[in-house]
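Protein chains in written order, with the working numbering: chain A, 1 to 318; chain B, 1 to 318.
The reader is advised that the hints may include incorrect statements.
Distance condition first, Cα-Cα at most 27 Å in a straight line; then the derived DSS-like pairs of lysine-lysine [what the hints assert, rightly or not]:
no., chain 1, residue 1, chain 2, residue 2
1, A, K79, B, K147
2, A, K83, A, K199
3, A, K170, A, K199
4, A, K127, A, K83
5, A, K34, A, K76
6, A, K234, A, K199
7, A, K79, B, K206
8, B, K147, A, K76
9, A, K83, B, K147
10, B, K147, A, K81
11, A, K83, A, K34
12, A, K34, A, K198
13, B, K206, A, K83
14, A, K170, A, K127
15, B, K206, A, K76
16, A, K170, A, K34
17, A, K198, A, K127
18, B, K206, A, K81
If you're looking for bench data, these hints aren't it; they were derived computationally from the structure.
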Amino acid sequence: MSDNFVEVQGLRKFFNVGNNRILKAVNDISFSIKQGETLGLVGESGCGKSTAGRTIIRLYEPTAGSVTVDGVEVTKLSKSKMKAQRRNMQMIFQDPFASLNPRMTILDIIGEALDIHGLAGSRAERKRRVEELLELVGLNAEHASRFPHEFSGGQRQRIGITRALAVEPKFIICDEPISALDVSIQAQVINLLMDLQKKMDLTYLFVAHDLSMVKYMSDRVAVMYLGKIVEIAKSEDLYANPQHPYTTALLSAIPVPDIEDEGRKERIVLQGDLPSPINPPSGCPFRTRCPAATERCAQEAPELRETRPGHLAACHYA
Amino acid sequence: MSQEMNVNVTPGAGSNPFEKIGRDQNGGERIVRKSLTAWQNIRRNLYENKLSMVGLYFIIAIALMAIFAPWVTGLITGYNYFANELANANQPPSWAHWFGTDDLGRDMWVRTWKGAQISLFVGIAAALIDLVIGIVYGGIMGYFGGKVDETMNRIAEILYAIPYLLVVILLMVVMPQSLTTIIVAMSITGWINMAWIVRGEIMRLKNQEYALASKALGAGSMRIIFRHLIPNAMGPILVTLTLTIPGAMFTEAFLSFLGMGVKSPVASWGTMIDNGRQAMTTYPWRIMFPALFLAVSMFALNVFGDGLRDAFDPKMKK
Ligand SMILES: Nc1ncnc2c1ncn2[C@@H]1O[C@H](COP(=O)(O)OP(=O)(O)OP(=O)(O)O)[C@@H](O)[C@H]1O
Ligand SMILES: [Mg+2]
Chain A
1 MSDNFVEVQG LRKFFNVGNN RILKAVNDIS FSIKQGETLG LVGESGCGKS
51 TAGRTIIRLY EPTAGSVTVD GVEVTKLSKS KMKAQRRNMQ MIFQDPFASL
101 NPRMTILDII GEALDIHGLA GSRAERKRRV EELLELVGLN AEHASRFPHE
151 FSGGQRQRIG ITRALAVEPK FIICDEPISA LDVSIQAQVI NLLMDLQKKM
201 DLTYLFVAHD LSMVKYMSDR VAVMYLGKIV EIAKSEDLYA NPQHPYTTAL
251 LSAIPVPDIE DEGRKERIVL QGDLPSPINP PSGCPFRTRC PAATERCAQE
301 APELRETRPG HLAACHYA
Chain B
1 MSQEMNVNVT PGAGSNPFEK IGRDQNGGER IVRKSLTAWQ NIRRNLYENK
51 LSMVGLYFII AIALMAIFAP WVTGLITGYN YFANELANAN QPPSWAHWFG
101 TDDLGRDMWV RTWKGAQISL FVGIAAALID LVIGIVYGGI MGYFGGKVDE
151 TMNRIAEILY AIPYLLVVIL LMVVMPQSLT TIIVAMSITG WINMAWIVRG
201 EIMRLKNQEY ALASKALGAG SMRIIFRHLI PNAMGPILVT LTLTIPGAMF
251 TEAFLSFLGM GVKSPVASWG TMIDNGRQAM TTYPWRIMFP ALFLAVSMFA
301 LNVFGDGLRD AFDPKMKK
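Chain A with its partners taken away, still in its complex shape:
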């Protein structure tokens, strides 16, 4: 057995979008995360990050592939075993305004986690536990009786975090937890997540659509394009030596603070739009927008291979 806490193998999620058309939202991705580690998952909007996250914790049934969390193969679990396994893995959602039921109080939203798994013996204990959790994420215990609409985006996101923590999970998928928040609030939430990680030895899959925040959070980063992982490496290594042209383009989009550096680095603007995941290009999925694409890229799909020690990229020319 490896010491990987999370192991994703050949995961696919296809949606049937009618008229016999198949949308390959997640198309054969594999990666692993060690205990206590954060893996960043980046890619532009629509590349399948949320679908990947939702399939990993089995909110969607995978089309193919396997997911192992804490030594348990999740994709094959029966209903009752899956319910128990859900205590191990949780998700924090992208939209803090849609992720809390507007008809329920905070007490009930968080309390539901306790109810489902029978974690609170009495109503008083339930309330006490919820208040404890609220304080843990920096909210007031008295907030428990309020409804979601009374909170700001940042506060709501903290409530979402509290709900996930209520079942004491070891693995949390953070699906762009800050992209809907004000810039001034983003750092608070990030710091909270990192604090909690240290305190509770959490393992994160941290999804984002640009590289700057991911870099700050993650030990390793996977770059996703059109349902596939095109590069995966240690954070510093990925930033210092991007191997895939798509990663290079994403990195060039991060503004650099000092002026000298700015001059050195030229911004690569990608041509065209993300191709449709219903009709992906032949060969390399990125070739239609790649500045270095050749004949070979159209013929042959590049495999994810080690181009530097511990650094995988899916490009013929990496």
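Keeping the supplied structure of chain A fixed, place chain B with the ligands upon it in accordance with the hints.
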């Protein structure tokens, strides 16, 4: 993510680029503004709609009269809805008989309110049966989708296509002529409309992140449907419910008019209208009062239902 944020991130910075913000500085986490809950908002919208409030008052008044008038009148005058008093037949409205008397000398005032009892009861009972069946059937159709939805929807469509009167007449053959039969007959096809409304709402809501979050916590389908989705679909459900009542009241009157209604001496507005029609020109009060109250209550319920719909419609919010 915005640009300002990115600027803060120094590549390879060892120091923490984010200032950590602690909890509740200067009471910043406290919620000052007491904002309105969704229901308070709806109530306010409703209050502002004068016509619909008038409708509501009418309904309440008629319901109160239906409950108390026959009983109180009986206490004071000794009139009841069933005892014949042929010597007193076909009296026009007077101080003794406010609404006159019918062909058997029964007090029309008492009979009108007795009729209101039956008519309202039929309307409300039919609407509630529609509500229960519609919510369960529509909730399951909408949530599970796919083959389940297709099959259940086909069944509903077939039922819906059967001419309604045919169902009633066939049912009258096998069941005794009674209130129960009328209500059952109405419910056989009546719930379908509600089921479709619920189905649409559930389909719209089921991929909301709060429903996914609940699933991620381990909640079963029934919990998600009935705790999370249905409460959030309550607006359209209530509106449909309100608008079902006048429809059912009219159907009952219509069936009574065709001679399939409740048996004498029990009165409903429908049977009273049917009875009064035979002497419409000579003793107009016998048809006038039940017809007037049937029309007024249907109008009031429709106006109130429309107002409710507007109150729930977010586009109407100021
Ligand atoms: N339930 C679904 N049915 C059909 N197609 C879907 C479904 N969910 C997602 N998709 C499609 O799958 C693709 C990937 O979507 P996904 O939400 O995973 O992207 P994302 O990377 O999370 O984007 P974003 O940054 O906007 O959140 C998109 O083309 C989307 O339209
Ligand atoms: Mg997403």
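Going through the hints against the structure:
no.	hint	verdict
1	K79/A - K147/B	holds (20 Å)
2	K83/A - K199/A	holds (25 Å)
3	K170/A - K199/A	holds (11 Å)
4	K127/A - K83/A	holds (23 Å)
5	K34/A - K76/A	holds (22 Å)
6	K234/A - K199/A	holds (23 Å)
7	K79/A - K206/B	holds (19 Å)
8	K147/B - K76/A	holds (22 Å)
9	K83/A - K147/B	holds (25 Å)
10	K147/B - K81/A	holds (26 Å)
11	K83/A - K34/A	holds (23 Å)
12	K34/A - K198/A	holds (14 Å)
13	K206/B - K83/A	holds (19 Å)
14	K170/A - K127/A	holds (23 Å)
15	K206/B - K76/A	holds (24 Å)
16	K170/A - K34/A	holds (11 Å)
17	K198/A - K127/A	holds (26 Å)
18	K206/B - K81/A	holds (23 Å)
Of the numbered hints listed earlier, not one is contradicted by the structure.
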